[in-house]
Amino acid sequence: MVIVRRKDLSLLEKLYLPEIARGLSITFRKLFEKKITRQYPEEPLPTNEVTRGQPRLVVKDDGHIACVSCGMCEIACPAYAITIDGGETDRAIEREPVRFDIDMLRCILCGFCEEACPKDAIYMSNELELADYSRAALVYDMEKLKRPKAALQKRIDYVYRLNNRWRKSSSTR
Amino acid sequence: MSPMHWDWLVWFLKANVIYGGLLGTAAGMTLAERKVSAWMQYRHGPNRVGPWGLLQPIADGVKFIFKESLTPDGANKWLFRCAPALAAIPSMLTIAVIPMGPAIPFIPGDYKYFSITDLDIGLMYLLSIGGLSIYGIILGSWASNSKFSLLGGLRASAQMISYELTLILSILAVVTLTGSLDLRDAVAAQSGAIWEWHVFSQPLAFILFSIAAFAETNRHPFDFAECEPELVSGFHTEYSSMRFAMFALGEYCAMVVIASLWTTLFLGGYNVPFWEDAPWFLCIGAFLAKTSIFLFLFLWVRWTLPRFRFDQLMALGWKVFLPLALANLFLTGAAVSYGVKLW
Chain A
17 MVIVRRKDLS
27 LLEKLYLPEI
37 ARGLSITFRK
47 LFEKKITRQY
57 PEEPLPTNEV
67 TRGQPRLVVK
77 DDGHIACVSC
87 GMCEIACPAY
97 AITIDGGETD
107 RAIEREPVRF
117 DIDMLRCILC
127 GFCEEACPKD
137 AIYMSNELEL
147 ADYSRAALVY
157 DMEKLKRPKA
167 ALQKRIDYVY
177 RLNNRWRKSS
187 STR
Chain B
112 MSPMHWDWLV
122 WFLKANVIYG
132 GLLGTAAGMT
142 LAERKVSAWM
152 QYRHGPNRVG
162 PWGLLQPIAD
172 GVKFIFKESL
182 TPDGANKWLF
192 RCAPALAAIP
202 SMLTIAVIPM
212 GPAIPFIPGD
222 YKYFSITDLD
232 IGLMYLLSIG
242 GLSIYGIILG
252 SWASNSKFSL
262 LGGLRASAQM
272 ISYELTLILS
282 ILAVVTLTGS
292 LDLRDAVAAQ
302 SGAIWEWHVF
312 SQPLAFILFS
322 IAAFAETNRH
332 PFDFAECEPE
342 LVSGFHTEYS
352 SMRFAMFALG
362 EYCAMVVIAS
372 LWTTLFLGGY
382 NVPFWEDAPW
392 FLCIGAFLAK
402 TSIFLFLFLW
412 VRWTLPRFRF
422 DQLMALGWKV
432 FLPLALANLF
442 LTGAAVSYGV
452 KLW
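Those sequence lines, one after another, are chains A and B.
The first sequence runs contiguously to residue 189 in our numbering.
The second sequence runs contiguously to residue 454 in our numbering.
Some hints could be false.
[To be verified] Below, computed lysine-lysine pairings styled on DSSO-like, alpha-carbon distance capped at 27 Å:
no. : chain 1 : residue 1 : chain 2 : residue 2
1   : A       : 30        : B       : 430
2   : A       : 30        : A       : 50
3   : A       : 23        : B       : 178
[Claimed, not checked] Simulated restraints on C-beta separations:
no. : chain 1 : residue 1 : chain 2 : residue 2 : range
4   : A       : 32        : B       : 404       : 17 to 25 Å
5   : A       : 30        : B       : 404       : 21 to 29 Å
6   : B       : 192       : A       : 152       : 28 to 36 Å
7   : A       : 39        : B       : 396       : 24 to 32 Å
8   : A       : 94        : B       : 339       : 40 to 48 Å
9   : A       : 55        : B       : 185       : 55 to 63 Å
10  : B       : 339       : A       : 33        : 23 to 31 Å
What the hints contain is simulated information worked out from the structure, not anything from laboratory work.
Glycine is no exception: its CB is placed at the ideal position from the N, C-alpha and C atoms.
Generate coordinates for the entire structure from the input sequences, incorporating the hints supplied.
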């Protein structure tokens with residue numbers, strides 16, 4: 017059992033007014049301290065390569081996307097957000113998507129597509145903002161998903177670093 | 112135009128300027144309240160409407176006007192509609208007697224002071240009209256047919272009646288010194304050096320007046336009329352739209368009036384310290400500066416102190432402040448009648 021004894025107040029404390037003055041001085045000092053609110057649209061959220069934002073298609077240095085429309089990400093996607101129609105190409109890889117849609121309203125940003133992809137074609141970017149006036153506009157097609165490789169390079173390096181913890185040889189870097 | 116027409120014109124213009132200033136200050140206070148509270152809590156406060164959020168009161172006003180005005184079932188409709196006006200108008204009327212500066216040279220007519228009226232019993236007018244604002248609160252709370260409203264209204268009336276005694280007794284001590292109910296005499300008595308101000312000759316009256324002023328305007332730490340955690344929102348629980356805004360407007364106008372009365376009675380009114388015949392614009396500036404100190408004090412105290420308990424408030428008012436105010440008045444009266452210079 018703990019007996020809590022209230023502190024005996026001195027005369028000054030009993031008068032109450034000096035204590036009010038002390039409280040007021042504290043709040044007055046707080047007036048000028050640094051604000052901790054983030055002014056969101058002007059001050060964007062800090063992101064880095066660990067940020068798992070929306071998935072984006074990598075555009076290689078030769079101007080083509082790396083995707084061969086194998087459908088691995090489509091299968092891996094737990095939210096059924098990805099729709100791929102495959103087609104043929106004259107390039108050495110022979111296949112490329114004619115349609116690659118990600119329904120951003122379904123996407124849960126889990127990153128399974130990034131893990132599933134055998135061709136380093138899809139990576140999670142640091143883009144997080146998602147707002148539009150219609151549902152249709154939030155189904156992103158290939159043109160909206162394309163990002164140059166340089167923009168995603170940090171994420172690519174990070175994923176390789178992460179995977180190399182248990183997989184020593186990387187195949188398609 | 113004949114001199115009488117001049118009088119009417121001057122009176123009309125002055126009334127417009129002063130009421131515009133009062134309502135503008137009240138609107139500004141709503142923004143200042145949110146800004147000060149935000150800064151004290153490391154936030155920014157409203158900053159989206161206009162530069163630094165300065166147009167926020169206008170946005171609030173427009174929103175209030177376009178909101179639906181609900182009347183609850185079982186409410187007394189006539190009183191329910193009257194009450195917001197009854198709460199707001201008395202506090203707006205009382206600004207009329209506050210002298211805000213000396214005569215402005217280029218205004219024609221025989222005006223000696225910059226106030227809407229030159230009333231000899233200004234203080235009495237101010238206190239009696241100001242006391243009416245409790246009718247708006249108690250009628251509104253009763254007419255809305257809600258237990259929270261009624262409890263809030265009862266508390267507010269009990270509180271305002273008990274603290275009005277302290278307020279008036281502390282003012283009477285100052286009146287005893289100046290020997291007049293005229294606010295202009297109170298200002299004239301404090302002209303010259305800074306130690307002529309009544310805050311130095313009547314420190315106890317100043318403290319009592321300050322505390323009673325918080326209770327009179329229903330401000331923290333004495334805001335028992337609203338008291339969100341216990342009574343939802345007190346007397347204006349059932350009010351919405353512009354009717355609610357009228358209550359808020361009345362509260363902020365009362366704050367402005369009490370702050371200017373504070374300045375007039377205790378901080379030398381529009382006197383510039385150590386400069387007896389300062390030009391008129393400096394005097395008005397001094398008045399506004401002193402008043403804004405008190406307006407800031409209202410906000411500052413609100414965001415610092417927690418609310419009292421109601422029984423503590425009553426005990427404090429009747430057992431501490433009333434005897435102190437009476438003793439102060441008695442001592443001041445004795446000193447004045449025996450010709451002892453107190454300061």
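Failing hints, ascending?
-> 2, 3, 6 and 9
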